[in-house]
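Model the full assembly from the supplied sequences, consistent with the hints where possible.
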Amino acid sequence: MAFEDAGEGRVTAARHALGWLVLANAVGVWMAALLLWPSLGSLTGEAGYGRWVPVHLNVQLYGWTSLPLLCWLFAIHQVGSSKWAGPAIWGWSAALLLGAVSWLSGHTTGKIFLDWSGGSLLALMLAQGLLWWVLAAAWRRHRTGWTKLKRIATALGLLMLAGVPWMLAMATSPSTYPPFDKTTGGPTGASLLGSTLSVVAMLLMLPASLGLSRAKPSKRWLWWVFVAEFVTFIALEAKGGTHFSLPQIIGLGLLLPWLWWIPSEWKCFDWPERSIFWKRSMLVWWGLLTVAGWLEFLPGVLDRMKFTNGLVAHAHLAMAGFTSSFGLLLLTLLGGEKICSSLSRGGLIWNAAVGLHVLVLMICGWLEGGSTSWIDGHPLWREAAFIIRFLCGLIMLYVAAFWWRGSLSNSDDS
Amino acid sequence: MNRKLSSGISVSLAVAGVYAYFLLFAQFAFLGLLQAKVSGEGLKIVLSMMALGGVVSGFVVSRSGKSGRTAFIVAMLSCAVVARCSPLTDSSFLFAMLSLVMGASLGTATVCLASLIGRNLEPGSGCLWVGLGTGLAYGCCNIPVVFMASPAVQASVSAAFATLAALGGAKLDDLRGEMPGVKAIPWRAILVFGALVWMDSAAFYVIQHAPELKDGTWGPERLWRNAAVHVVAAIFAGFWLSRGGWKSLCVTAWAVLALAGWWVNDAATREWAGWIYPAAVSLYSTALVAWPGLLAVRTESAGRSIASRAAWLFGIAGWIGSANGIGMVESLQRVPGLFLILAGLVVVGGTSLKRLNRRAAFVVLFMGLAAFFGRKKPSVSTDAVERGRQVYLSEGCIHCHSRYVRPGSADEAVWGRSADPTLTAAEKPVLIGNRRQGPDLLRVGGRRSEGWLRAHFLDPRLLSPDSVMPAYGHLFQDQRGGDLITFLRQNVAEDVAETQARAASWKPAANLQPDASKGKLLFTNSCIACHGAGGRGDGPLAQDLKSPPRNLLVGPFSWTLARPDEPQLSTVMRVLKFGLPGTDMPGHETWSDQDLADLAALVLELRHQP
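Sequences listed follow chains A and B, in order.
Per this note's numbering, residue 1 is the first one in the first sequence, and the count goes up by one each step.
Per this note's numbering, residue 1 is the first one in the second sequence, and the count goes up by one each step.
Because the hints were derived from the structure by calculation, they are not lab data.
A couple of the hints might just be wrong.
To be verified - Simulated DEER-style distance windows between Cβ atoms:
no.: 1; chain 1: B; residue 1: A384; chain 2: A; residue 2: A169; range: 26 to 32 Å
no.: 2; chain 1: B; residue 1: S379; chain 2: A; residue 2: D270; range: 41 to 47 Å
no.: 3; chain 1: A; residue 1: A169; chain 2: B; residue 2: S379; range: 15 to 21 Å
no.: 4; chain 1: A; residue 1: S198; chain 2: B; residue 2: W506; range: 32 to 38 Å
no.: 5; chain 1: A; residue 1: H378; chain 2: B; residue 2: S409; range: 20 to 26 Å
no.: 6; chain 1: B; residue 1: S379; chain 2: A; residue 2: S264; range: 54 to 60 Å
no.: 7; chain 1: A; residue 1: I387; chain 2: B; residue 2: W275; range: 47 to 53 Å
Stated by the list, open to error - Dumping the calculated DSSO-like pairs for lysine-lysine here, alpha-carbon to alpha-carbon at most 30 Å:
no.: 8; chain 1: B; residue 1: K377; chain 2: B; residue 2: K4
no.: 9; chain 1: A; residue 1: K83; chain 2: A; residue 2: K182
no.: 10; chain 1: A; residue 1: K239; chain 2: B; residue 2: K4
no.: 11; chain 1: A; residue 1: K111; chain 2: B; residue 2: K247
no.: 12; chain 1: B; residue 1: K377; chain 2: A; residue 2: K111
All residues carry an ideal CB built from backbone N, CA and C; glycine is no exception.
Written out as structure tokens, the structure reads:
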């Protein structure tokens, strides 16, 4: 994937993604500060800690995580020179900003990551509609030059994407809620298997969809394994169960072999030199996330870690570790030369800060799970953990700001 | 006198006179006189005449090429005449005519003044004089005797301001015979300043018409402060502009204005809003006045070019932006966050983008409008529990509290019996939560009284010094606080019975070593808010609770007298751990048995003091 193909849409998406990373991290640091010094909350009036949380979570997901994926979609569809690609990204960001205003104003559905309602939901649906139109127009323009497989796969993808705004509207409704494990109040092993398999599918598709040249023949049998595991997910979801049920534990354990299979599949492709750091980082974070996720689901462990900072640590392992490095890999490959150059520095510091942050919160969660006395007592170990978390957040914020500034300082990409 | 100094003083006087006239008469006194005689549609027509006159005259005078000293002096003297005549008027028609003349005179004067500023001042240092004039205008209008005067008196003062402006203008160099200048439309400045004026006008109108907001920001006792802040901020703005950077100043002004607009909505932060709102207004107002003559890229410095820029800027950003901002918030009692963000998008985008992408601007604007018109007014339930559930959602309580006791787990010993999971799943939305920064709240009604919950919402750290819970006093300025408590205690009878049953069956650990000296710290942290430092039931919250806290020295001790089957220490420990369900005495569910024993020992020790 050549840099010169980046186009306004991809460069805009990359810049906005990094901008949202800065904002999300700034909000995260603010929340960490509120836990250390709660009286600071009076500075923001009615917008207290509970209203900042959805801003932090949704900006990470819909801003930082989603925009690199849109960058990827633009690359697959060769959106390149479309005059509406950049404006469509602006529309997406405007919708997210409107969402942030609504969450700070106390408008919420109460559903984590599906907190869209009223005008902001409408704006996001319209933004998705505009993006779909940009992708569809590119498909129409380029389809004759594509292979039959790509033509059909992208057409099916467009059909699925056409349903996303409506699915979003339904999913945000307070009336719908996925099945949950009655012993914990959290997701079942099957739900976790299903959602992670969607990530596996993306990882399997990534190199080929970017047009990377093959060094070795592809392992097509992996797709059959994927299909088998997906069928297993459906069966386990239908059967239901708790984290004490062996089928649920084994079902979630089916993800573990992918820790070897994904790297081995990726080795079949020639990756650009510039992508090596974030590719390796992503595989490490992905491995840690999968192993930790399975271990934390085991009886005894989940019972101790549920509702504690241990699961906050897991969420940061997923978002600051895995999805961030995946997003950075995509931006390195697709965001244009200047953005790639900006992302070539600061990676080690970012990874170290995320690692320490996750480790400290994980230990904190384990200790919290031993007794509830910390709620009133505020022991030293917990205060120390919160201070380390705050400092790690500041480092991550600094690195994110450095990347963003680097992406903005050169406007010749667009 | 030094020529530069003389020009600077004259410009300052002219700016101060024009601006003060506009602020005091056009925005306040004329409106007051008008509202006393005219109402309804007539009022709107009269005010529309002013805007019409302002916009049209600006363009006419800029195109005529006569935007010089004479036109300025005539316009300001006309303004003075209008101000003197207005108190004598009582018919709608005459008010409409006066409004038209005033609008036309102000439109002419502002465009002429912009040209004269460009002709008489240097781009750098000149901004300081503009800042001084702007600051003086705001400062004079905020002097209590002027601000609080009747509309008729304010009209007389305004006429004096207009005359002062004319005198200042008379000392300035007139435009020389020039070739016609370029008449390019300054879109970027129109967008940036238009958004600021729009946001400021909307915020000003909301604050002006909401009594509690008005009292908290520019009530009578705060006028001198506001005057000083205006003067200092405007001079500072002049200094900032003299060193370049009108764009950074506008972004800063937006940020400060947005923060003020946000803070003013909340009683806790309203006082701070009162400090920064005038500062933000003075910052951008100075830039607005200075822009056409001193700050615009001066590839064309002919007076006619400056006049054209001023006509476009003041006509669209000033007159139309102001009317539009007011029109959109007429029925609101709060400054909408959406306004602040939309204005921010325009200001930041307009100042930072090297070239404005019209498609992106269109899409962003479209999204904003879609969200504005697509917003739903939340339906207010007649059921307090349902309303309380909405407050629980709005405040994001689920991010720190669970409402799910895991069946068969250690949770049940601390937070109470688990509920039927099918009932939990039937809630809309499901409120399980996924994090506990604080206690589970499923059965909090059995553990905490209404009075305790209220006191805790108002000041969490008074009851629990290490609590990370934010204070929610603002919820009790309306019914939200009460509704939230009703929601939390919706099953109070069942929950109280459940807590009592758990308490009755509880047994403390064996081999405890009670130490009253260690109990003192626990007492200080957790008991004195109600029981007082000496344990006499006279803590700061004692008067607010329905069941008065016991005097721990003399009783009566109906709840903690020894049961025949256990030592008195265990009985007291039970009360400390589970509280007295149904009263204001809370439990301390998360404490260790050793801590309970230490505090119980202290309580028993107090009981035996004289």
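Here's how the hints hold up against the structure:
Between A384(B) and A169(A) the Cβ separation comes to about 30 Å, which falls inside the hinted range of 26 to 32 Å. The given range of 41 to 47 Å is broken by S379(B) and D270(A), whose C-beta atoms sit roughly 58 Å from each other. Checking the proposed 15 to 21 Å range against A169(A) and S379(B) shows it holds: the Cβ atoms sit about 18 Å from each other. Judged by the Cβ atoms, the range 32 to 38 Å given for S198(A) and W506(B) is violated: they are separated by roughly 47 Å.
Look at H378(A) against S409(B): about 24 Å separates their beta carbons, and that is inside 20 to 26 Å. For S379(B) and S264(A), the hinted distance range of 54 to 60 Å is satisfied, since their beta carbons lie about 55 Å from each other. The hinted window of 47 to 53 Å between I387(A) and W275(B) is violated, with their beta carbons roughly 32 Å apart. The suggested pairing of K377(B) with K4(B) is violated, with an alpha-carbon distance near 58 Å, which exceeds 30 Å.
Under the criterion of a C-alpha separation no larger than 30 Å, the hint pairing K83(A) with K182(A) is inconsistent with the structure, at around 50 Å. A hinted pair counts as satisfied when its Cα atoms are at most 30 Å apart, and K239(A) with K4(B) does not qualify at roughly 88 Å. At roughly 40 Å between alpha-carbon atoms, K111(A) and K247(B) are farther apart than 30 Å, so this suggested pair is violated. Restraint check: the Cα-Cα separation between K377(B) and K111(A) comes to about 19 Å, which is no more than 30 Å; the hinted pair holds.
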